[in-house]
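Peer 1: Spelled out from the first residue to the last, the chains are:
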Amino acid sequence: MQELLLEVKDLEINFYTYRGVVRALNGVNLRINKGEFFGLVGETGCGKSVTASAILNLVQNPGRIEKGEIIFKGIDILKMSKEEIRKDIRGKEITMIMQYPIAALNPVINNGEQISEALIANIDITKNEAEKRTIELLKEVNIPEPEKIARQYPHQLSGGMAQRVMIAMMLSTKPSLLIADEPTTALDVSIQAQVLNLLKDLVVKYNTTILLITHDLSVVAETCERVGVMYAGDMVEIGELKHIIDNPKHPYTRGLINAIPSEKRTKLQEIKGSVPDLVNPPSGCRFHPRCTFAKSVCKQKKPQMLEVEKNHLVSCYLYDGQK
Amino acid sequence: MFKKNNLILIFTITLLVTLSFTTGVAQEKTLIIGMDTSPIVSLDPAKAYEFEGSWILDNVYDKLVRFKPGSASEIEAGIAESWEFDGNTVTFTIRDSAKFSNGNPVDAEAVAYSLKRVAKLAQAPSWVITQFGITEDSIEAIDNKVKITMDKAYSPTLVLACMTYSVTGTVDPEVTESNVKEDDMGMAYLSESSAGSGPFKLVSWERNQSLVFERNEDYWGPKPELDKIVIVDIPESSSQLLQLKGGSIDLAWNLDNDQIPDIEEEEDLYVVAKPQFKLIYLAMNGQLTPTDNILVRNAIKSAIDNDAIIKAVGGGSTPLHSFVPEGMFAYYDGDEFPYNPDRAKELLKEAGYPDGFETTLTVPDFLSTEGTVVKAYLDQIGIKTNLEVIAYTTLLGKYRKQGLDMVIARWGADYADPDANAKPFAHSRTIGDDATVKQLAWRNAYANPAMTDMVEEAAFIQDREEREKVYIELQKKWQKESVFEPLYQMSIQLGLNKEVGNFILNELTQTPWELITLK
Amino acid sequence: MNSNNLHKKLDSWKKKHSSEISDIKESLFLIKRSPLTTIGLIIILLLVCVAIFAPIIAPYNPLEMHLDNRLSSPSKEHLLGTDELGRDILSRIIYGAGVALKIMLIVLAIDLPLGILLGLIAGYFGGWIDEIIMRMADIFMAFPRLVLAMAIGTALGPSLRNTMIAIALTMWPVYARLARGQTLSIKERTFIEAERALGSSNLKIIIFNILPLCFSTLIVRATLDMGNIIRIAAGMSFLGLGAQPPTPDWGLMISSGRNFLINQWWVPTFPGFAILLTVFAFNLLGDGIRDISDPHLRRGQG
Amino acid sequence: MLKYLMKRLLLFFIVIFGVVTVTFFLSHVIPADPVGAILGENAPQELIEKMERELGLDLPLGQQYSRYLKGIINWDFGISLRTQKMVAEDMRVYFPATLELAIFALIIAIIFGIPIGVISAVKRNQLPDSISRVFSLTGISMPAFWLSLLFILVLYYHLKLIPAGGRLSSGISPPQLVTGLYLIDSLIARDYIIFWDAFHHLIGPGLVLGWIQMAYICRVTRSSMLEVLNEEYIRTARVKGLKEKVVIYRHAFKNALIPVVTMIGISFGYLLEGSVLTETVFGYPGLGRYAVNSFLSLDLNAVIGSVTLIAIAYALSNLIVDLLYAALDPRIKY
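These protein sequence lines are chains A, B, C and D, in that order. According to this note's numbering, the residues represented by the first sequence are 1 to 323, in order. According to this note's numbering, the residues represented by the second sequence are 1 to 519, in order. According to this note's numbering, the residues represented by the third sequence are 1 to 302, in order. According to this note's numbering, the residues represented by the fourth sequence are 1 to 334, in order.
Hints are computed from structural coordinates only; laboratory data are not their basis. Beta carbons: idealized from backbone N, C-alpha and C, even for Gly. Keep in mind that the hints are not guaranteed to be accurate.
[Unchecked claim] Stretches of chain C that chain D covers, calculated by requiring three or more beta carbons in the stretch to come under 8 Å of a beta carbon on chain D:
hint	segment
1	101-112
2	146-152
3	257-271
Work out the full structure, taking the sequences as your base and the hints as a guide.
Peer 2: Quick look at the structure:
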């Protein structure tokens, strides 16, 4: 039995904007086990990044967590005080790397200092030791001439280098969970694989769990063990990688898979319609306006998560009563 | 007997105690004056030409003659004990007791040197004496006498009046000569130092901060009661008022008329006021249409209510209808064109402007209130007036080129004689460039040969009564024909602390500092 | 038939500019949500009303003198008292609103076209023209504004018209620079290249493609400057280089009233409040609009 | 770096040349009579003409202009008609006074403006933000001359907290001249009475200018902070679990400081501008008041001198700001 690390229960987040209330997360459920490489897939705006922010309690104004639980190591983060989250969770237990590594590094502080700062803030360590440890960390992420890089400023780095620095920084405190929010999207294709492999190696080495957020199914296919698919603020399907790739159940997941160019398919299929406006989300299943299998019930009620096979959950009426 | 002895004893003791007390804790008596000192350019008597500078110099340098305290008509002896006119020469006898503040004696040589220096340097105020044809060569020191030769036999009243001006102050030739820089006869040095024989000497001048004067212990006249006079630079009149009320100054120099009632209300303050030989006038261009038409000019003269203007500037000024101010010899208070809007409209109609016309009235910034009121009155009889308030410098630039339609400006007499005002206001033989006196009448492009003759004639009349008659006749003619309408005679109004006493002012803004008392 | 056509055109226009339209809608929403901006807007609207209806609102003629009622303190008859010529201060302040707004509008009416013209020329043609215009701008920006305005004002002679010219001359570099920057960035965009390839003339490209985009940027900047213009104009009047008496100009009122500060405090104080309130309102609005127009600041405001 | 500096210096001189030219022609097209105004209305024509000849005011404009340029190269602006002293000498007295005032005001502005701006940004759209925005907007909207009048009325007249004006009290003479800044000179001379007196006189005009400048600095700090707080690296800092204080002051503030430094440079220019009005009202003997008086009496040499000096000070402060940039932002290398 795998040990549960993080459980998101029924998470609902709204953004209060000028156009009205954007219902960004519509009761999302998610379980991540310790040591696993979990992928969260979906189009831009489907709520995957918001979910990550919520886990770190960094949902920005005007977003508000309406209800739900985020249970990390058995404790509900949402019930902790801000200061507790900062002290005990962020940096120490959960960290994150971002899409644009250069922008994510402070331009006026040199690279080395940014890393050792994370160490000093979270671990009982002297400044000297932290600096030494920084160089080691930089070595571990395969940075040549780590001393030089440590003295340099972010704008002097390439994107790949900067992402390595970020990884070193975020892993420096040996967190239990590392959220990787589109870690390779902004990088050159040749570098993408390097960074992903580095992440994979380090997960093992540091005994860390990874929550990888991406819109790119191929990235997920390369790295993840389990995958969650999100659509318009809903979790539509969760399962092991092979379930999702080889046996997608939800019509949306199927659409996604069909949109990937591969040898088997000669014709790419696009999903009809466009992503709904979350100010006025479709009733019931949010995918129903685009779904070729839509029934009347789909418009009325949001479908429950159903286990179609072991560890494979789908939220769709197509499978209602199958089991 | 016993009683009497006792009394004497008590009296003696009291006296002794008081004496020892006063000598022991004797405070320096310092008068602190708040003033906008920015007009003061130089404190060299040969150069200073503004009221504030002259006011100071009168007390630092001795002149040959001066006005009796508070008067601007009665001459008394200065550094000259006596004088004698003989045709076109005048001889002054110098008193022998006078000393400069450094102990050097004041002699006829020094006086002659100082007057020659004025002629040679030919600075702004020099014309006050050079107008009599006085040059370096026409001044002579003979023993204890100074003999001055003029080009004509001028009226003695006129000459003596001019000799009271601060430009004739006697400087110490030794000090001056030892501080010469590039042939300037010590002008740069004297501009911020003093070498005079007056009751006070200049100790320091920190521009935009303060001027400090100390008593001249060698002064030949009565010993001044004050030890020190400090003039603090306070440009804003309201700040001066505040500081006077707060007690940090004893005298506020630049008060506005509207601040005067406030001073009168205060128990420990009082006001010293004196009409000055300064006037505010309206002038119209004598060449440009329509003011070249005498009927239009007379209409304008009738349209303005002088009393309203005095009210508008906060009172305290004296009505004036002619160029000779009240307090001066040959003052005339008649008015040919008193305020009468109906008559003004009629005159305008007669002149061919029943619906009025449009014109521009230019005034310097410090006379904008007067301008506003005059504009309102002219508007009332249908003359659409555009008011243009500009810096005085700019105004003078245009004025000197005869380039103004209508102007309000001020005029101050330099010496206490009607001639001082008759010349600028009535002397203009031609409006061309060949004019000899390019003064106010000329600037307004107005020539009147008949009046010019009268002005020239009056300067030489030796008999006082006859002279007065000519001036009065001139003024009546002037009121009827000229391009000027006097608005009012200015007054100086100072705010003082009651501890200051015997502060005397005459119409030429002169104060003998040696007479000022301080509790 | 015709109206149908029009509708179609309108629809296509709406579609084409849907992002701009939603942008404006969003801006209006944001203005409504920011109470300070709304307050500024309300004050300005009130001010405009006061300026327009001054003859109806003002209790007295602002120029009418009552020399027997000089410097009277605030009372029922004269809510804000009277000045040194017995004129009603409230009425003068009411009329002064028009003067202040007029100055501001005229300065902008001079500066916006001037700045756009010079900036466009500099940015579009580049080279030595650009160099000359921009160095001129540098020179004009090397003076503190008030000092330059003073110099120009003195040279031209004091009058309301010359004040406006002087202020306008001190401000054009800001607009020219903005317009130039905008032109430079637009010039490089592909659609301009396309236009050029299609044979459009320079003039046509400038007028139809660059000008509209420049204009919106400059308008935003102009709202930021509105308060400033009024403030500088008041300073000029205070120094005697601006409006001429008896104009009911606020700066002039303070200038002529400053000597009554101690004993008749209301004479210089109330016009000062009028300036403060007006400039404050314009700054509130300008700040609000800048916040909204700045994408960085917009983000996270929602 | 050197190349950049050379380019900047060249531009600097072009600007100064332009300033002098513009000022010269502006002030010489006026049909004014400065000499007549100095000599007084009673002065006869010959005397005025004589003085104009002495000052070279009768020469053709082109010739006067070349004379001016030559003079300015030697820092010689000629004689001021109004004070009858060398303009350069006058400015040596007045400029330090303004400099002292400007620095004093700037210090006030920075000490209060930056922290208030930071707080305002951090507490965006909350009460402290609204208060500080109203406060700073009031400062920006305040006519300096009017605020000066109010300060005199309230702080001097009613509360007796500050002196009415000037730079030193009447009984106190200035300290031994070293820098021309009384506060520093009096400390050098160890004369604390002068120090206190000079300080006392700076409070009024210093607060007026300081408040207005504070408003500008506060505003720029706020918007710069808001912008920076939205940056990704701030998120990174938060993810690292850093204390909010560290996030704001170390990560955000350091980046936000760059535009603030520009603003401080520009502030210096505004201070010179504000000093024109404030010094006039407070009777503070500085360059601003000197400039106003020169303008009003059309004392052309003094006008050109003071405007040139102001422009140089302004341009210099901009230059310094540019150099400071490089120190603050590692991304900029000239």
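Peer 1: Now tell me if each hint is right for this structure.
Peer 2: Hint by hint, here is what the structure shows:
1. Counting residues of the segment 101-112 of chain C whose C-beta lies closer than 8 Å to any C-beta of chain D gives 0; at least three are required, and the coverage claim is violated.
2. Given as covered by chain D, the segment 146-152 of chain C passes the check, having 5 residues with a CB less than 8 Å from a CB of that chain where 3 are the minimum.
3. Closer than 8 Å: that is the beta-carbon criterion, and the segment 257-271 of chain C has 6 residues meeting it against chain D, so the requirement of 3 holds.
Hint compliance for this structure: hint 1 alone is broken.
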